[in-house]
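As given, the protein sequences belong to chains A and B, one line each in that order.
Sequential numbering from 1 applies to the first sequence in our numbering.
Sequential numbering from 1 applies to the second sequence in our numbering.
Among the hints, erroneous ones may be present.
[Said to hold, decoys possible] Straight-line distance between alpha carbons at most 27 Å, and here's what the computed DSSO-like set of lysine-lysine pairs gives:
#: 1; chain 1: B; residue 1: K199; chain 2: B; residue 2: K389
#: 2; chain 1: A; residue 1: K199; chain 2: A; residue 2: K295
#: 3; chain 1: A; residue 1: K494; chain 2: B; residue 2: K295
#: 4; chain 1: B; residue 1: K295; chain 2: B; residue 2: K199
#: 5; chain 1: A; residue 1: K432; chain 2: B; residue 2: K544
#: 6; chain 1: B; residue 1: K296; chain 2: B; residue 2: K220
#: 7; chain 1: B; residue 1: K15; chain 2: B; residue 2: K295
#: 8; chain 1: A; residue 1: K494; chain 2: B; residue 2: K296
#: 9; chain 1: A; residue 1: K496; chain 2: A; residue 2: K544
#: 10; chain 1: B; residue 1: K220; chain 2: B; residue 2: K202
#: 11; chain 1: A; residue 1: K220; chain 2: A; residue 2: K295
#: 12; chain 1: A; residue 1: K432; chain 2: B; residue 2: K432
#: 13; chain 1: B; residue 1: K295; chain 2: A; residue 2: K389
#: 14; chain 1: A; residue 1: K15; chain 2: A; residue 2: K389
#: 15; chain 1: B; residue 1: K202; chain 2: B; residue 2: K296
#: 16; chain 1: A; residue 1: K296; chain 2: B; residue 2: K494
#: 17; chain 1: B; residue 1: K496; chain 2: A; residue 2: K295
#: 18; chain 1: B; residue 1: K295; chain 2: B; residue 2: K220
#: 19; chain 1: B; residue 1: K432; chain 2: B; residue 2: K389
#: 20; chain 1: B; residue 1: K202; chain 2: B; residue 2: K295
#: 21; chain 1: A; residue 1: K496; chain 2: B; residue 2: K296
#: 22; chain 1: A; residue 1: K202; chain 2: A; residue 2: K295
#: 23; chain 1: A; residue 1: K496; chain 2: B; residue 2: K295
#: 24; chain 1: A; residue 1: K544; chain 2: B; residue 2: K432
#: 25; chain 1: B; residue 1: K199; chain 2: B; residue 2: K220
#: 26; chain 1: A; residue 1: K432; chain 2: A; residue 2: K389
#: 27; chain 1: A; residue 1: K15; chain 2: A; residue 2: K296
#: 28; chain 1: A; residue 1: K220; chain 2: A; residue 2: K242
#: 29; chain 1: A; residue 1: K220; chain 2: A; residue 2: K202
#: 30; chain 1: B; residue 1: K15; chain 2: B; residue 2: K296
#: 31; chain 1: A; residue 1: K220; chain 2: A; residue 2: K296
#: 32; chain 1: B; residue 1: K544; chain 2: B; residue 2: K496
#: 33; chain 1: B; residue 1: K15; chain 2: A; residue 2: K544
#: 34; chain 1: A; residue 1: K295; chain 2: B; residue 2: K494
#: 35; chain 1: A; residue 1: K296; chain 2: B; residue 2: K496
#: 36; chain 1: A; residue 1: K432; chain 2: A; residue 2: K199
Please keep in mind that the hints were generated in silico from the structure rather than gathered at the bench.
Number of protein chains: 2
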Amino acid sequence: MRKLTTLMPILVWGKNYGRAQLSGDLIAAVIVTIMLIPQSLAYALLAGLPPEAGLYASIVPILLYAAFGTSNALAVGPVAVVSLMTAATVGEVAAQGTAGYAVAALTLALLSGTMLLLMGLLRLGFVANFLSHPVIAGFITASGILIAFSQLKHILGIPAAGHTLPEIVESLSHNLGQLNILTLIIGIAATAFLFWVRKGMKRTLIGMGTEPRIADIAQKAGPVAAVVFTTLAVWVFGLDEKGVRIVGSVPQSLPPFTLPSFAPELVSALFLPALLISIIGFVESISVAETLAAKKRQRIDPDQELIGLGAANIGAAFSGGYPVTGGFARSVVNFDAGAETPAAGAFTAIGLAFAAVALTPLIYFLPTATLAATIIVAVLSLVDLTILKHTWRYSRADFAAVFSTILLTLGLGVEAGVSAGVLISVALHLYKTSRPHVAEVGLVPGTQHFRNIRRHTVEIDPTLLTLRIDESLYFVNARFLESLIRDRLAQNSKVKNIVLMCSAVNEIDYSALETLESLNEWLTDIGVGLHLSEVKGPVMDRLKRGHFPDELNGQIFMSQYDAWRELTNGAKAEAAE
Amino acid sequence: MRKLTTLMPILVWGKNYGRAQLSGDLIAAVIVTIMLIPQSLAYALLAGLPPEAGLYASIVPILLYAAFGTSNALAVGPVAVVSLMTAATVGEVAAQGTAGYAVAALTLALLSGTMLLLMGLLRLGFVANFLSHPVIAGFITASGILIAFSQLKHILGIPAAGHTLPEIVESLSHNLGQLNILTLIIGIAATAFLFWVRKGMKRTLIGMGTEPRIADIAQKAGPVAAVVFTTLAVWVFGLDEKGVRIVGSVPQSLPPFTLPSFAPELVSALFLPALLISIIGFVESISVAETLAAKKRQRIDPDQELIGLGAANIGAAFSGGYPVTGGFARSVVNFDAGAETPAAGAFTAIGLAFAAVALTPLIYFLPTATLAATIIVAVLSLVDLTILKHTWRYSRADFAAVFSTILLTLGLGVEAGVSAGVLISVALHLYKTSRPHVAEVGLVPGTQHFRNIRRHTVEIDPTLLTLRIDESLYFVNARFLESLIRDRLAQNSKVKNIVLMCSAVNEIDYSALETLESLNEWLTDIGVGLHLSEVKGPVMDRLKRGHFPDELNGQIFMSQYDAWRELTNGAKAEAAE
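Next comes chain A alone, as it looks inside the complex (with noise of 0.2 Å):
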């Protein structure tokens, strides 16, 4: 059993809690409160839930993470992909804008927080690491090439729908002719401001003479000063009348309890998709948790993180919340801005409630178009396609995985996207492992070191093949191998002995145990003997257990230089007789 205190991180910081982390944890809970009101609120609109669906969402969850999570700058909540995920899941189960459709959206995150919960308790944290980098980085940038098609309807004041680049297109080009002229304009200044924000506004102040501080908090406030002044225009020149979509009332309220669903037929169908929800989220969450960690010498402990997202999942389903977790941006602000313990995430719940409960009236004209532009500048700085090009010239089949979860993404949905991902990883993984690189070896004159005869000038015996087997041999490769041999002795005749050089065959499985016996059989018919060299500690404690030492006809030399000195020697004596 694991101790109380490393199942709540909080009853070991907190007690150590003092007015130097108080002002740090203050500081950067007012910038990342000010920054999260219109986030949330986007997010939510991209999950097609109403806008204080993201509010909720950041509240209970962040208290929840901040009791069982170990991140001290991790600000759990609303992110990009999940939402989207979560659009594209609970669209297929409900019409968006019924009751149904939030229901949906709150047994989601129950399933998914319990997934990780259990995830967590089975200290099954290393599931994380089946996805590889390559996959996620082709499965975050094609994720984020989808939510900026997604928004641009709310750019154009156009419906239309799709959870594909194709169906989305399809649908904006087809109701093109609606077009809101008014909407376009406020879309693109916000998308135009929120761009100058992130990339040229901190440099232009600095250069009037602003200091650095100031101007890095003037950043953070970009999309609050966006919120307002779009706010402002709609409300002064009554735009909504017009045809401009605004968010309309938003009940002033702290988060309600909820009660998620519990209808098998709708968890059957959610539960697949809530466990991709899961690990996406996971994974997401732990990079950056330990990215952050990094910088301050501290560790993360994956498994008691699934339990730290679990809780915070399962707090967003009976708080009319969404799935949530640990999200890229407001965490490396919360960072930046000097949060020193979970508490942060603590003010910061504290703050939004305010806002939950008080603001909501404020942002009845804000046009869904500034939102929109919101989430259009977030998600562009997650689209990096020069991970194709480093992968490219990296490895072929590292680029194969990207090329293609991105393709797949955009092409039929994020689901199916990172499902192909990791099969196309995995499958990838097993086809090199097929054909193992195996090269025949010669001794380094002068050394006891044994190298490839193509690559290195290297003494060699033409009665003795050694070949240096360059991958574990189980069951996928295990013929490979067998092959291999027969095809080496039919070309040469000379040979007396064979030595598999095993410094690089960190397993034998009992398929390959299977091939090595009928290999062993084959050259014991046709007088050829057969060794075996450098074999690991693990592996021979293995082959033991199968008696395989007894029945092969040469021997298991601990050094290949072993090897090569009996059996060179044993050959020139023959050959001298």
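With chain A fixed as given, assemble chain B onto it according to the hints.
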């Protein structure tokens, strides 16, 4: 492009065909024909098809395999496991005994044949390697048990159904009241006789002074004797009127020309099962073909075998058959009887065609219990539970794969069983490589050899940490390596240099490269050198493409001994200052 003589091996062996080959092939053909007549009828029964379908499935497919296949001894036709899978699949889309059932079986053969042909043309023969030996062994054993149980209804003379062990047992016990005692007597007598034929007859005959060659032929004719005697018994005593089920009228005909269905819903329902049947059939066939070829130092071309089996199955689809593959028992008999070329198969086809035209009236009174006995005796030789004991002793992971394959095949049916077996094998492999063995190594005194400090007495230097990583570095274990090194350094502050000894690192994929880059950055920050040693040629080539050697804060040594001399000398010099 492949040459025509590669695509049609008949063009090569046909040119040199002479008297010597002819006599061997003819004798083999007679013996195999005698063996195949009852077996073909029985397997058709197992597949839920009329008995003549078994004969038809043995005629055209054998001829096509003879033209395209590469094995000189492989006998293609209906086999037990594929017949069972056919029954399980086709039973899902049509009721047994209907015309739709037969058409679905033809469609399954066409799909499977097309897939095999495409895989052959695309040179995908390696996919057979994705099934580990233990999974295959477990699957064949469990299928044998399922088949034997499925035939008990014919021995007991009661109706029963089901594709899983619990279903079959439940169905049998439910109908046990309808037991037909005469059927049971015939069934038990036939089973006992056939067991004796297989196990004891040859010895008894030789003991009585019969020549071994004659005893051998008598053994092969045993099943025909069982057919003849039980048929006579039914006819003479009119047992069919007392409830003993008989084969009844079988059309006297050469294989008819038949058309599979191309209805999209049928094709899509049969698609995945056809893929499974193709792979299982191919694995069974290639194993037999390679075993027999090795005995004569011949080689089998897996990709050409796919083409041969593909042609055979497409032939089955258009001539009243169902999915076929190379069978173990019949091929061994063919080989032992002296088959020299695929022409032996062609002569067998002629023999079976004669049987289909001339002998079918003679089996009108043949009891189905005799056919069931033929199947039971044949499949029980496939059941080998010792694989459980062997894998348990050798490796728990292999045991887990074989045990769950057996359990899931018996409990959920053949398709679920074999799919789960493949997934479990792959998942276990990924899990094992996700936590690789990493050994801290030191110098074996008086040598240039480095071994694990926990297993050997070796020299070490406290400022130098050398880790031998016993696994390729790829996405599944990239995070593990990073954690491991961070933990090791946290425990040991004296370390000034880390050497990663890469003699067992057969690949560094893009995910692992990114991990190494971030490790290098971190180690540079804290003033620890990162070095690599014994990097293999192909791995080094790739690292250079990624510019990693330039970024590395340390060096890349050809041998670990070079690293030791350089880095320990340096440390000693520093200590002396």
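The hints, checked one at a time:
{"no.": "1", "hint": "B:K199 / B:K389", "in the structure": "holds, 24 Å"}
{"no.": "2", "hint": "A:K199 / A:K295", "in the structure": "holds, 24 Å"}
{"no.": "3", "hint": "A:K494 / B:K295", "in the structure": "holds, 22 Å"}
{"no.": "4", "hint": "B:K295 / B:K199", "in the structure": "holds, 24 Å"}
{"no.": "5", "hint": "A:K432 / B:K544", "in the structure": "holds, 20 Å"}
{"no.": "6", "hint": "B:K296 / B:K220", "in the structure": "holds, 23 Å"}
{"no.": "7", "hint": "B:K15 / B:K295", "in the structure": "holds, 24 Å"}
{"no.": "8", "hint": "A:K494 / B:K296", "in the structure": "holds, 21 Å"}
{"no.": "9", "hint": "A:K496 / A:K544", "in the structure": "holds, 25 Å"}
{"no.": "10", "hint": "B:K220 / B:K202", "in the structure": "holds, 10 Å"}
{"no.": "11", "hint": "A:K220 / A:K295", "in the structure": "holds, 22 Å"}
{"no.": "12", "hint": "A:K432 / B:K432", "in the structure": "holds, 17 Å"}
{"no.": "13", "hint": "B:K295 / A:K389", "in the structure": "violated, 50 Å"}
{"no.": "14", "hint": "A:K15 / A:K389", "in the structure": "violated, 49 Å"}
{"no.": "15", "hint": "B:K202 / B:K296", "in the structure": "holds, 26 Å"}
{"no.": "16", "hint": "A:K296 / B:K494", "in the structure": "holds, 21 Å"}
{"no.": "17", "hint": "B:K496 / A:K295", "in the structure": "holds, 21 Å"}
{"no.": "18", "hint": "B:K295 / B:K220", "in the structure": "holds, 22 Å"}
{"no.": "19", "hint": "B:K432 / B:K389", "in the structure": "holds, 21 Å"}
{"no.": "20", "hint": "B:K202 / B:K295", "in the structure": "holds, 24 Å"}
{"no.": "21", "hint": "A:K496 / B:K296", "in the structure": "holds, 21 Å"}
{"no.": "22", "hint": "A:K202 / A:K295", "in the structure": "holds, 24 Å"}
{"no.": "23", "hint": "A:K496 / B:K295", "in the structure": "holds, 21 Å"}
{"no.": "24", "hint": "A:K544 / B:K432", "in the structure": "holds, 20 Å"}
{"no.": "25", "hint": "B:K199 / B:K220", "in the structure": "holds, 12 Å"}
{"no.": "26", "hint": "A:K432 / A:K389", "in the structure": "holds, 21 Å"}
{"no.": "27", "hint": "A:K15 / A:K296", "in the structure": "holds, 20 Å"}
{"no.": "28", "hint": "A:K220 / A:K242", "in the structure": "violated, 31 Å"}
{"no.": "29", "hint": "A:K220 / A:K202", "in the structure": "holds, 10 Å"}
{"no.": "30", "hint": "B:K15 / B:K296", "in the structure": "holds, 21 Å"}
{"no.": "31", "hint": "A:K220 / A:K296", "in the structure": "holds, 23 Å"}
{"no.": "32", "hint": "B:K544 / B:K496", "in the structure": "holds, 25 Å"}
{"no.": "33", "hint": "B:K15 / A:K544", "in the structure": "violated, 51 Å"}
{"no.": "34", "hint": "A:K295 / B:K494", "in the structure": "holds, 22 Å"}
{"no.": "35", "hint": "A:K296 / B:K496", "in the structure": "holds, 21 Å"}
{"no.": "36", "hint": "A:K432 / A:K199", "in the structure": "violated, 43 Å"}
In this structure, the hints that do not hold are numbers 13, 14, 28, 33 and 36, in rising order.
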